[in-house]
Amino acid sequence: MMPKKQFSRETYVRMVMEAIHPLRPQLRLSPRFDIFHGTAKVSGSAYRLTRERAYHHGTMLINSDLNMLTKCLDSPVKEEMRASGAAISSVISSVGNIGQIEGHEKLDHESFCDLVTQKFKHQYPGTSVIDIVEEQMDEIDSVRALAKDLQCEEWTFDKTAPFKLKLPQAHISVEDGIIVESTCAHLMSEKLRPSLFVNLLKDPCFS
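All the letters of the sequence shown, read from the start, carry residue numbers 1 to 207 under the UniProt record's numbering.
Just so you know, these hints were derived from the structure itself, not from any lab. Computed from a prediction, not measured in an experiment: that's the story for all the values here. Among the hints, a few may not be true.
[As the list claims (entries may be wrong)] In the DSS-like style, the derived pairs of lysine-lysine whose C-alpha atoms are separated by at most 30 Å in a straight line are:
| hint | residue 1 | residue 2 |
| --- | --- | --- |
| 1 | Lys41 | Lys166 |
| 2 | Lys191 | Lys164 |
| 3 | Lys121 | Lys164 |
| 4 | Lys71 | Lys164 |
[To be verified] Estimated spans, in silico, between C-beta atoms of each pair:
| hint | residue 1 | residue 2 | range |
| --- | --- | --- | --- |
| 5 | Glu52 | Gly103 | 44 to 52 Å |
| 6 | Lys148 | Val180 | 24 to 32 Å |
| 7 | Pro162 | Asn63 | 32 to 40 Å |
| 8 | Asp114 | Leu146 | 36 to 44 Å |
| 9 | Glu181 | Glu102 | 47 to 55 Å |
| 10 | Ile132 | Lys164 | 36 to 44 Å |
| 11 | Leu146 | Gln169 | 34 to 42 Å |
| 12 | Thr183 | Asp158 | 44 to 52 Å |
| 13 | Glu181 | Glu154 | 17 to 25 Å |
| 14 | Gln123 | Thr183 | 52 to 60 Å |
| 15 | Met15 | Arg48 | 33 to 41 Å |
| 16 | Met68 | Thr117 | 21 to 29 Å |
| 17 | Gln136 | Glu175 | 35 to 43 Å |
The C-beta atom is built at its ideal place from N, Cα and C for all residues, glycine as well.
Take these sequences, add in the hints, and give me the full structure.
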């Protein structure tokens, strides 16, 4: 997190890539600021910009279970539904791990964190490192409250940007978790929730 005026999508992704360059010199940065090894995506980032702040978080696949990752990201109804909205469109990519690459030293999570930490301290002199364990976070009331909010249906569905969902037999428009337009009149003003969504997939005009 940082002041919006200081934010650059490229700066921190490139910093991570440069941090592990001695061990993984073949990595490259894509135009979308994802990190690739060959044709495999090994790191992706997400951003949120507010009026004064910028938030950036990312991933790095080191020794992840790629089969499990595929199962988590794959949807059994992806060919039946199309969603559109204001969010940046996703691009499907093959993925890979950077932990073990033939001809190069192994890299584990701890080593990765150490390299990135040292690079950050070098790039920003005077930076101090604070180690926080989960037990400490659980003792902070505001953190517990936020964690609880992020697990509720209201956050999952009602805080999503407006989008349109196209199923073979029905189209709906959703804003703040509420169906505001629908080819099935009785769905108007309904809250989009898992149970309703399951019924929609079975019978778009269920009663």
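Here's how the hints hold up against the structure:
Proposed proximity of Lys41 and Lys166 is supported: the alpha carbons are some 29 Å apart, at most 30 Å. Between Lys191 and Lys164, the direct Cα distance comes to roughly 14 Å. Compliance with the 30 Å bound is thereby established for this hinted pair. Taking the CA atoms of Lys121 and Lys164, the gap is about 44 Å. The hint is violated against a cut of 30 Å. In summary, the hint linking Lys71 to Lys164 is supported, as the alpha carbons are separated by about 25 Å, within the 30 Å threshold.
Hint check: Glu52 to Gly103, Cβ distance near 46 Å, so the stated range 44 to 52 Å holds. Between Lys148 and Val180 the beta carbon distance is about 28 Å. The supplied range of 24 to 32 Å therefore holds. Judged by the Cβ atoms, the range 32 to 40 Å given for Pro162 and Asn63 holds: they are separated by roughly 38 Å. Asp114 and Leu146 have their C-beta atoms about 28 Å apart, which leaves the hinted 36 to 44 Å range violated.
The beta-carbon spacing between Glu181 and Glu102, approximately 53 Å, falls within the hinted interval of 47 to 55 Å. Between Ile132 and Lys164 the CB atoms are about 41 Å apart, so this pair conforms to the stated range of 36 to 44 Å. Taken as a hint, the range 34 to 42 Å holds for the pair Leu146 and Gln169, whose Cβ atoms sit roughly 39 Å apart. In this structure the hint that Thr183 and Asp158 lie 44 to 52 Å apart at CB is violated, the actual value being about 22 Å.
Distance hint check for Glu181 and Glu154: the Cβ-Cβ separation is about 21 Å, which falls inside the suggested range of 17 to 25 Å. Taking the beta carbon of each, Gln123 and Thr183 are about 53 Å apart, inside 52 to 60 Å as hinted. Between Met15 and Arg48 the beta carbons are some 19 Å apart, a value that contradicts the proposed interval 33 to 41 Å. Remark: the range hint 21 to 29 Å for Met68 to Thr117 is upheld by a beta-carbon distance near 27 Å.
Evaluation of the 35 to 43 Å hint for Gln136 and Glu175 yields a pass: the beta carbon distance comes to about 38 Å.
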